[in-house]
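Visitor: Numbering that gives the first Met the number 0 numbers the first residue of the sequence shown as 0 and each following residue consecutively.
Don't take each hint at face value.
Unchecked claim - Below are the DSSO-like pairs computed for lysine-lysine, each with C-alpha atoms no more than 30 Å apart in a straight line: (1) Lys49 x Lys227; (2) Lys23 x Lys236; (3) Lys1 x Lys73; (4) Lys236 x Lys67; (5) Lys227 x Lys73; (6) Lys61 x Lys49; (7) Lys74 x Lys203; (8) Lys173 x Lys203; (9) Lys239 x Lys67; (10) Lys74 x Lys49.
No lab work stands behind these hints: they were computed from the structure.
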Amino acid sequence: MKYTLITGASSGIGKGLAEKFASKRHNLIIAARRTNLLNEIKKELENRYKIDVVVFTVDLSKEQEVEKFYNDVKKYDIELFINNAGFGDLNLAWDSDLDKIKKMLDLNIKTLTTLSIMFIRDNLDNDVQLINVSSGAGYNIFAWSINYSASKVFVSAWTESVAKQLRKLNKKIKVKVLAPGVTKSEFSNQALLKTKLKKEQIEKYKNWKSKAILTSENLADETYKLYKSDKIVGIIKNNKLELSDGYYDIFWID
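Construct the entire structure; sequences and hints are all you get.
Guide: Shown next as structure tokens:
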């Protein structure tokens, strides 16, 4: 039995992805910290789509939990691995809370890279896919979120480059990057924790964010198009998916 694995699946984009792939009759492995929300999703999707949904409660910002999580899930036949877990921070770069930033970098960069490498190693010659969720901020730096943007620049550059490396070496696994734009989700709640932005800056951000047209469900639809395509990058521009083979060049010595 094949499975699609989604991290950060308890709400927002991750929940939208779970619903989309369930509707396409993918069995799911959903992972996040909030067991109660995961169990609600499991019950709903199993009843509606008659699929199997496996729940893993894990805090992927904790290094000691990451490898154990992977060793537990690799026992399943995973055809699609979506690294979606992550969070942001809205602050001037030097105003960010250091503990929050360390945790963000651990999750957005270290955990994503660790899980990606382990999945790729195990599946170099298998017809499977890995999709890493970056951000529009990974291609266009947001002034009030430089630390977060930089973490997503890493995700975009690393994932694109690995995808091209695998393609050149004729490996079967396909690696892709999704770069969402402004989406209606819980992102802002976490990003604004411990912010030192001025009240008027926060209001400007909230006003800008309130104009977001794209929902988590819309984004899940676009993600499915990326999954079915032969392209490496799916970036949301003007609320529409733009597919390409990437924006970073890699240098080879032939």
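Visitor: Please go over all the hints and tell whether each is borne out by the structure.
Guide: Okay, the hints, checked on the actual structure:
| no. | hint | in the structure |
| --- | --- | --- |
| 1 | Lys49 x Lys227 | holds (22 Å) |
| 2 | Lys23 x Lys236 | holds (25 Å) |
| 3 | Lys1 x Lys73 | holds (11 Å) |
| 4 | Lys236 x Lys67 | violated (37 Å) |
| 5 | Lys227 x Lys73 | holds (23 Å) |
| 6 | Lys61 x Lys49 | violated (33 Å) |
| 7 | Lys74 x Lys203 | violated (47 Å) |
| 8 | Lys173 x Lys203 | violated (39 Å) |
| 9 | Lys239 x Lys67 | violated (37 Å) |
| 10 | Lys74 x Lys49 | holds (22 Å) |
The structure is inconsistent with the numbered hints 4, 6, 7, 8 and 9, although it conforms to all the rest.
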